[in-house]
Amino acid sequence: MSMTTTNKMKLKTEGDTHVVVTRHFAASPEAVYRAHTDPKLISQWLLGPEGWTMPVCINEARPGGKIRYEWTNGRGGGFFITGEYSELQPFSRIVHVERMHLPDPTPDNHIETTFEPDGDGTLMTMRMTLPDQKTRATMLATGMEHGMEASYVRLEELL
Amino acid sequence: MDGLDTKFYALADPTRRAILVRLAKGEATVNQLAQPFHMTQPAISQHLKVLEAAGLIDQRVDGTRRPRRLAKAGIKTMDQWLQMLRTALEKNYDRLDEVLATIDKPRKGVRK
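Listed in order, the protein sequences are those of chains A and B.
Here the first sequence stands for residues 1 to 159, where the numbers follow the working numbering.
Here the second sequence stands for residues 1 to 112, where the numbers follow the working numbering.
Under 7 angstroms between C-beta atoms, here's a sample of chain B residues computed to sit facing chain A:
#, residue
1, Glu90
2, Asn92
3, Arg95
4, Leu100
Within a straight-line C-alpha distance of at most 27 angstroms, the following computed DSS-like cross-link-like pairs (lysine-lysine) qualify:
#, chain 1, residue 1, chain 2, residue 2
5, B, Lys91, A, Lys10
6, A, Lys40, B, Lys91
7, B, Lys76, A, Lys134
8, B, Lys91, A, Lys8
9, A, Lys134, B, Lys49
10, B, Lys91, A, Lys12
11, A, Lys66, B, Lys91
It should be emphasised that the hints constitute simulated quantities derived from the structure, not laboratory data.
Note that beta-carbon positions come from the ideal geometry of N, C-alpha and C, so glycine has one too.
All chains should be built: construct the whole structure from the sequences, respecting the hints.
Here's what the structure looks like:
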């Protein structure tokens, strides 16, 4: 599937502790919202790289409801996240907290996701709030900024 | 996947990232590293200490020289993780496009 410029994911920092991801979708806010809260739909797309599956997808879309996603690469690799919902406004806004277990839990990531009408589609904005600058440094070090990708491609060739 | 936090923290600094890129081309002593970065030896040593504690580099004993080099195991652990995160986000949303194309079809043109 070809990707147009308007559909391109954007990632930026805000202040000292925020990371903001935006993405346009050619579907209604209701559809995009449902795709984020219905386990049957979530397990079809929230999978990561090729070859990974999500054998466990728990998503209780109500305030106080639990989230648990478990992924496996089928070759012994895997990890899971847990979280809790605090607010849901169908079909425009979700507030939840999540942490990764590697297996030690990472600091809580507070996430507000909004779905706004944008032309014929929807603009999704995911605003993450990390507890402090150091934790956000961890997020930024994931290579999505600062030209890290190039560095890693070069490193990879030597490993 | 132990020590990922330390590894990412070590990478949050541009000089330390540049040192890793330099070491990817081959091992180097503190002196050799200090030159291109226009930094004093103690300043470079401080960065190397952080990278070493994070398991991203190690030292080789060569007589009186202690050249630094990439610690392959440490880099690989982190690299696998980074690559997964990076591609995961983009791939997820491309996949979501396809899921949406299926579920949104009956609603096309319908305004609530």
